[in-house]
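In order, the protein sequence lines correspond to chains A and B. Following this note's numbering from start to finish, the first sequence increments by one per residue and tops out at 467. Following this note's numbering from start to finish, the second sequence increments by one per residue and tops out at 261.
No lab work stands behind these hints: they were computed from the structure. Check before you lean on any hint, since a few could be wrong.
[Claimed, not checked] Computed cross-link-like contacts, SDA-like style, restricted to lysine to any residue with a CA-CA straight-line distance of at most 25 Å:
| id | chain 1 | residue 1 | chain 2 | residue 2 |
| --- | --- | --- | --- | --- |
| 1 | A | Lys-340 | B | Gly-242 |
| 2 | A | Lys-340 | B | His-47 |
| 3 | A | Lys-340 | B | Ala-82 |
| 4 | A | Lys-253 | B | Ala-82 |
| 5 | A | Lys-340 | B | Asp-226 |
| 6 | A | Lys-140 | A | Ala-105 |
| 7 | A | Lys-57 | A | Leu-45 |
| 8 | A | Lys-253 | A | Gly-302 |
| 9 | A | Lys-140 | A | Ala-171 |
| 10 | A | Lys-253 | B | Gly-242 |
[Unchecked claim] The following residues of chain A were derived to be distant from chain B, with all beta-carbon distances above 12 Å:
| id | residue |
| --- | --- |
| 11 | Phe-85 |
| 12 | Pro-200 |
| 13 | Gly-236 |
| 14 | Gly-332 |
| 15 | Ala-413 |
| 16 | Ala-416 |
| 17 | Arg-443 |
Please read these numbers as outputs of a predicted model, since none were measured by experiment. The beta carbon of each residue, even a glycine, is placed where N, CA and C say it ideally should be.
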Amino acid sequence: MAYATTLEGTRFTFPDLRGLLAKATPERSGDQLAGLCAEGPVERLAAQIALADLPLKTFLAEELIPSDADEVSDLIARRHDARAFAPVASLTVGAFREWLLSPAADAAALAALAPGLTPEMVAAVSKLCRLQDLVAITAKRPVVTRFRSTIGLPGRLATRNQPNHPTDSSAGILISALDGLLMGSGDAMIGVNPATDSLPDYIRIVELLETLRLRLNVPTQHCCLGHVTVAIEAMGRGAPVDLVFQSVAGSQKANAGFGVDLAILREAAEAGRALGRCPEGGQFMYFETGQGSALSADAHWGVDQQTMEARAYAVAREFDPLLVNTVVGFIGPEYLYNGKQIIRAGLEDHFCGKLLGLPMGVDVCYTNHADADGEDMDALLTLLCAAGVNFVITVPGADDVMLNYQSLSHHDAVFARETLGRPPAPEFEAWLRAVRITDAQGRLAGASGELPPALEEASRLLPGRAA
Amino acid sequence: MSAPAEPKRAKTPTLHDLRALTQARIALGAHGAGLPTGAALAFGLDHARAREAVWTPLDAAAIRESLRAQGLASIELRTTVADRAEYLRRPDRGRTLNPDSEAALDGLGQGFDVALVIADGLSATAVALNAVPSAAALAARAAQAGWSLAPVAVVHQGRVAIGDPIGARLGARCVVVLIGERPGLSASDSLGCYITCAPEPGLPDSRRNCISNIRQDGLAIGAAADQMEALLRAMMAQGTSGVGLRRESLVGPPAPSLPEA
Numbered sequence: 001m002a003y004a005t006t007l008e009g010t011r012f013t014f015p016d017l018r019g020l021l022a023k024a025t026p027e028r029s030g031d032q033l034a035g036l037c038a039e040g041p042v043e044r045l046a047a048q049i050a051l052a053d054l055p056l057k058t059f060l061a062e063e064l065i066p067s068d069a070d071e072v073s074d075l076i077a078r079r080h081d082a083r084a085f086a087p088v089a090s091l092t093v094g095a096f097r098e099w100l101l102s103p104a105a106d107a108a109a110l111a112a113l114a115p116g117l118t119p120e121m122v123a124a125v126s127k128l129c130r131l132q133d134l135v136a137i138t139a140k141r142p143v144v145t146r147f148r149s150t151i152g153l154p155g156r157l158a159t160r161n162q163p164n165h166p167t168d169s170s171a172g173i174l175i176s177a178l179d180g181l182l183m184g185s186g187d188a189m190i191g192v193n194p195a196t197d198s199l200p201d202y203i204r205i206v207e208l209l210e211t212l213r214l215r216l217n218v219p220t221q222h223c224c225l226g227h228v229t230v231a232i233e234a235m236g237r238g239a240p241v242d243l244v245f246q247s248v249a250g251s252q253k254a255n256a257g258f259g260v261d262l263a264i265l266r267e268a269a270e271a272g273r274a275l276g277r278c279p280e281g282g283q284f285m286y287f288e289t290g291q292g293s294a295l296s297a298d299a300h301w302g303v304d305q306q307t308m309e310a311r312a313y314a315v316a317r318e319f320d321p322l323l324v325n326t327v328v329g330f331i332g333p334e335y336l337y338n339g340k341q342i343i344r345a346g347l348e349d350h351f352c353g354k355l356l357g358l359p360m361g362v363d364v365c366y367t368n369h370a371d372a373d374g375e376d377m378d379a380l381l382t383l384l385c386a387a388g389v390n391f392v393i394t395v396p397g398a399d400d401v402m403l404n405y406q407s408l409s410h411h412d413a414v415f416a417r418e419t420l421g422r423p424p425a426p427e428f429e430a431w432l433r434a435v436r437i438t439d440a441q442g443r444l445a446g447a448s449g450e451l452p453p454a455l456e457e458a459s460r461l462l463p464g465r466a467a
Numbered sequence: 001m002s003a004p005a006e007p008k009r010a011k012t013p014t015l016h017d018l019r020a021l022t023q024a025r026i027a028l029g030a031h032g033a034g035l036p037t038g039a040a041l042a043f044g045l046d047h048a049r050a051r052e053a054v055w056t057p058l059d060a061a062a063i064r065e066s067l068r069a070q071g072l073a074s075i076e077l078r079t080t081v082a083d084r085a086e087y088l089r090r091p092d093r094g095r096t097l098n099p100d101s102e103a104a105l106d107g108l109g110q111g112f113d114v115a116l117v118i119a120d121g122l123s124a125t126a127v128a129l130n131a132v133p134s135a136a137a138l139a140a141r142a143a144q145a146g147w148s149l150a151p152v153a154v155v156h157q158g159r160v161a162i163g164d165p166i167g168a169r170l171g172a173r174c175v176v177v178l179i180g181e182r183p184g185l186s187a188s189d190s191l192g193c194y195i196t197c198a199p200e201p202g203l204p205d206s207r208r209n210c211i212s213n214i215r216q217d218g219l220a221i222g223a224a225a226d227q228m229e230a231l232l233r234a235m236m237a238q239g240t241s242g243v244g245l246r247r248e249s250l251v252g253p254p255a256p257s258l259p260e261a
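Modelling step: build the complete structure from the supplied sequences, incorporating the hints.
Right, here's the structure in full:
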């Protein structure tokens, strides 16, 4: 079905729903690369005006990617809850935006609505939102999850301590993890991206992180971000796997490019649950996503990259995750060209994830060939804290020496705590005080790199010390 | 400083003492949430170097002059990319030759054993420092092996896959692409080498073999050229490259896969 709008005598037509969504999308290089974007700002506004008049329920009648060819579409259709959708069923996309901004859309109403929303609906409404709208709406929508720490409570910010090392050296990982803990980072998790993807290395890394956790008695969880099939094998051998990780995307074909499908993820989730490490009612799955991954796998079906990203959240939602984050600036300038595009994408992803009910975090990051720098990351972190992001990723000095990109630094987490008033998860906050990394006011007690007396145990893990 | 010292835990090293265990920027110190000024500026300098490597234009004239001094003929080619900003946005255009360059290539004749390509990729710094010595080292090995070598193609705004149309037009058995890798903060001068047997446009990346991190503090040029020669020998014997190439006879461990330059 075609969509159209007339602006001062000029008629703009959009031949199908995919095209309408793509042309209504704020400018980004990935949609330009795919040849999907609006030809200019006026055509973009014409598409947004047409989109604003579109009944929200159109997305239930018209699939962007057919269910019989794509298991993600099938999942979205099967899981849609018509009763939850009822309060907004009569609205257009434009009126839905207004309702989301209104006091009627409070935390309880947004939580109740989540199962009634599809990724396409939240992507559509996000295209009509300026940054302030995205912040204002998501600030009303806490999503709380819990393993050993409770993440996503209003007014708090958790961090993933990411102690990567170029060759997965145990000592290098350990030192980096301690550096982060001494800066107060790690309540969402201590999570390592392995340089290799072998089973022995995976098991070595999770055992190392488990030893660190037990020695320090730190209320957090850990993760080796190897491929989920490696995690399944490791769990089968009894490795101490806290979080089960996988990168996911918004179409079956794109997920196949990651070497997964829903059945493999289900098998992994069952294996993780069977380990019994996660408390009853808690969560242990962890997913990463990012705009552009479907296009780079030639698996985007002519759908714009932001809508494809929101569809990845339907995959994540199926597995009741502890944590989900978009790796927003990692993919490169052919998908998100500059700081402006990265900042907007980070806020869109957080918005779409939260409206769909995900415990959403963001890897606030950039590469050296993007037209972005640390100041763009300062802006995005500050906006995300205002929006109530569940967690961000931090590395020593903002420099990930394994993945060769820049994320936030542990210092940035201190900024969020001390200047923006965002304490960490309550269990972790209490631990930081108990071991005197922070003082009674929650401020860093010192940054000399010396282990506080309560962490003497950890020193036995350091090279040259008796284990 | 005059307060009595606490009981010593002298054997416990600080993280600062253990910095050698990782290249990560640990134990930087902090002032409130801020970095010490020196650490902040050091980070800024590393980022500036990386940005400069990405945005500096390829000095093709200097490279061709250096090649000439090594006794190597060359030809200067362009892709369909208009400028650096387009290069970063449109990787597809960095894989296609412009028509003038196609015509220039067709004037070189056909049927070489090895075509050698030097492309800027994402680091003109890496190319300026490491491409000509690498090309010369490979040319010397090619001469010893008795392989015919096409004039070196020096390409503006090229991606890895630009080797495919170049190699195909030259009728080359194998194409070797020396290209600037995406700069990290710790190194902005890494040269990558991608080798493909029976090149033709549209080949998947799985058909290439890669040697990465060629630079002064990384893989030495001589060692890299040895690996290139060994890969070329294997490809010419087996008639294929990439994941299908049997590697048991090769020197060194398999190269890691890299994000595309």
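message: Please list, smallest to largest, the hint numbers that this structure does not respect.
response: 1, 4, 5, 9, 14, 15, 16, 17
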